[in-house]
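Two chains, two separate frames, one set of hints: put the complex together.
Respectively, the protein sequence lines represent chains A and B.
Going by my numbering, the first residue of the first sequence is number 1, and it counts up by one from there.
Going by my numbering, the first residue of the second sequence is number 351, and it counts up by one from there.
Any given hint might turn out to be false.
Facing chain B, from chain A, some residues (calculated, C-beta under 8 Å) [said to hold, decoys possible]:
1) G66
2) L67
3) Y68
4) H92
5) Q101
6) V102
7) W104
8) P105
9) R111
10) A119
11) M120
12) A161
13) G262
Chain B residues, not near chain A, derived (Cβ > 10 Å throughout) [what the hints assert, rightly or not]:
14) R362
15) L366
16) W381
17) I383
18) S401
19) L451
20) P456
21) I474
22) D527
23) G529
24) T538
25) V545
26) W546
27) S567
28) L612
29) R624
Honestly, the hints are just simulated from the structure, not real lab data.
Nothing here was measured: the structure is a model prediction, and the numbers come from that model.
Beta carbons: idealized from backbone N, C-alpha and C, even for Gly.
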Amino acid sequence: MAGRRLELVGIGYRHRMHDPRRFKPWNTRPGAGIHDITFSLPSGSIVGLIGANGAGKTTLMRVICGLYQPASGEARLDDEVIAAAGLKPRGHAQVGFMPEQVSWPGPGTPRQALKCLSAMRVDGNGNDIDSLFKLVGLSSRSDSPLDSLSQGMRQRLSLAAALLGNPDILVLDEPLNSLDPVAQIAFQGLIRQLAQRGHTILVSSHMLAELDRFVDRILVLHRGQVIGEGEMSEVESELGLVDSMRFCGLGQAPTEIFTSAGLAVETSPDCIEGHWSLTVDLPSGFSQLQVTELISALAESGNSPYSATKLKHNLADILAAATGLSPAEVGLEVDEHLVIPLAKIGGEEE
Amino acid sequence: MSLSSRLARIIRLVDLYSAQHLRSSRSLMLWPILLLFIVGACWGLADPDISLPGEIQADTPYEVLFIASGFILLSATLGVVLIGFDGISRKRLSGVLSVELSQPIPRSDLGISLLLGVWGAVLIPTTLLSLLGMVAIHAQMGVWPEPGDALLFLISTGLLLYWYAAIQLLASSWAKDMGGAIAWGIGTWMMFTMVWVLVTVMVAGILGVEVGDTSDSQYQQLSVWVDLFSPNGVYQMLLESNLDGGMGRRINPLFVWLAALLWSIIPTWLFLHRFERIK
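Chain B extracted, bound-state conformation (with noise of 0.2 Å):
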């Protein structure tokens, strides 16, 4: 079979599988979710008359951006986790996975077009609502956010949300029942998002580094480096490297993008790897 065949296929069932992801019950859950986090952060950051803690001004539609995207950390991630964190065991559960194992396509084909389609069901949404948001930043400040800066935001994103799905159904075809899928897709999402300064603190103790004060430049330095082994903090160092002045990290991009670049290969082909081997 050709490579232009093999990829039509996998394009065709993508689309099957998003739509199918789009339609159910998690879904219509999540557009609210996305609408609120998403398009009301840029609506209320680019509030010239908003005042935020921490001493943090939001001058620019990108720096709105940055800011919102701590929203998208906690919303399109945790739809990913509503929509994927059983994509491969409840299939298994169901008997719906050996179904699928048994029609005549290479498991590659069949687990790169499950995983690209819980990642187009929350991409779609995601995007629409970030040009929303844009809309929304223009509507508050008068100014569009710069076509590159926005294009950095929405691939970054883009980015995020892949490996989050990547993650997701790894950790889904882990599961041998629906607790256990539960039990890995939120504990994945929480482990990133919620729990990683922890994990900073706690390696920068077992290096030596002062963790009482966060500011102190060598725990930053530390934070920067563990930062790289979380999808989370790549996200926010890829969106870092676009920032004017002091509101970034210091870091070489290129680790930034190679860290990136190594966030998109190993949880696939973990993924596949096991996806070539289930039962």
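Bound-form chain A, shown alone (with noise of 0.2 Å):
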């Protein structure tokens, strides 16, 4: 399969918020939405879209799949302008898109849904119907009533729906949430083998970690702008964030060598009485060796650890350094009316 490139250019939304007025009971005003949103998909690649809540991925995915008209800017399917300002809003036969939890109502069966959908293409004779529900594995139940699939079933029929027609890209809306463990580990296991199919992937989640075992890139949102871009490692360069590593053990911590070594290290405040556990920050370009010598070095002088753990960076963490904010002030508020150009990497604030 070969894929094709989505390329986004000054990508601008904004949603309207109902604002009634005492004589004007229907008034709407500018809420939150995407400014400028400008990146490209390089074909057969998973990029993960991380965000906060109502950072704008829902938004951005449902440009990209024509679901709303964007203000400005348009986006591309290799030479293919597939959404734009002025250009009426539309599915596109190249893009699936599988939106967050769809919770597919009866009456009916997974397979008379897809056929249903199946009916709205242009090749739409079903025959592919079969192996769609082998691919995501939901052959057993395509018969069963709708209501009574499981929320991973759901998941797993919308990601179905998403490939009809095998489309180039896939643009997957959360399509881990409300999963237990096991089936997020099907599903990503799942979008890696479509990856490998040659489709190019575009999917959104707020769990860093989760995203960060099967994507080949990131790209950060925050309060509709893009934010950062790349390999998560060279997101977190950029941002200046450096790996850190927990270790632990019995006796007294023996923080000298670490310091002597150059290290800063930080006493872990969730420690348990009689133990300890340093968090310690390794600088740019410290290797696996260096690590592994360090950990004989404690072995030398009695303090062997019985842990050793290299902490993952969460969302929080890139936002804070993206944005200069702490962690708390990024966190929770959401508000509709910030579309503010923040500081890009590589960029200049404006």
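Printed below as a string of structure tokens:
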């Protein structure tokens, strides 16, 4: 399957918010949205779209999939414009969309649901439905009532719907939400399998650790803008986020061994009495060999750690580093008025 | 994409949507209601021994159908409400609408398919039971309705159901939640079915027409014009146009057919216009 390149240039969109007035109860005003989104998806890659709640992930995906008409900019699939200001919103045969948590209400069966969606396509003969059920692992339940499906099965059905017509681009909105850990792993495997078949996949999540397991690149969205793009390690390094490890052991904390190696050390607050737990920042380029040497030095001093874990950065760390705000400030508040250009990595603050 | 392919796709979708609605439990509830209201009414009204209130006399099969149309106004239109009140809102709340809107089909084609799907799901049982009603009339009176009369009855009933389907889907596209969908659905049905007399009386009051006596000729003339703004009124007037003698009201049939045309176009246009912008 020869993949196609999706490119977005200066995409902007504002939701209309209900703002009733005494003599104009239907009044609306511009609310939250996305601003000047420019990026491209390399063919055959899995790109993770990350951002806090309300960052604009779903809005961006809906613009790409032809559900929202952008107010500015355009989205192109190779040379073909698929969404642009002034262009009627419409789905595209080569873009498959899996919205967040479709509940697939009855009556009917998964087969009937896909048959109906298949009939909307030009080539809608529904011949590939069985192979899609097989691919997403829903063959045994394809003729069961929709009401009897579990959430994981509904997610699989949504994925099968997105795969109708074998589109080049797959846009998956929070596909891991409400799945148990076992189903999440299965789903991640499925997504990887699809990328190997040549699909280009844009997948959103606010669960960075889960995304990190299977995406090639990430796109960080905050307050409707892209504030970081690239491989996870690239983004972390551009943001100045250092790797860190947590060492735990018994007895007195051997802080001096780390400090003498020039490493910044912090005592972990949740340490059990009689044990030590230190979080150590590893400078850029600190190799696995150096970690091994560090552990050997600890063992020689009689402070052999019983655990040494590499810590992963979470979404809050990345957003805090990108915006200069504290994680608490970045965290919960979603202000619909704020679609303000922020500092971009490698760019200038507007 | 050629027009014929688009039409073929719409027909395919209408078929699927209608079948989906016809399989639903709501549809199963509708059949006995329609059987009772349409076939039962035709059977009862055609009984030569029946004495109707208000000195109404049904002497011909068409007059029986005309009086039975009052039962269709109560039952079949309620059937459209039952099937269509959440035709859009349910899909939107469940996320299925997003999946459908992301498919490579013009929104106007998808919208018209949804509309015709709801219409078809009520039209099929209503038409079948209306034909059965005509059989009941024949069984009671020994004569069949004239083919022209039967056709007018079926076409007018089909149009009425189409107008209601368009109104219901338009209302459903505005509803943000299930409660809103029910309120819009039942509200529009009640306005045209139950409280339209009140609207007529209010308009008469505003225009200074005597409202104490509904048999007053000035009031009756006004009610004819006000009824053109109600699908039920237009339906009744379409059927009245074929009545002999005094049962029909005095209005030029051209206005009635013009109103029928506008009722077919305006709600459909409003619905499709809304559907093009739905999110």
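Broken hints, numbered, in rising order?
9, 13, 14, 15, 19 and 20
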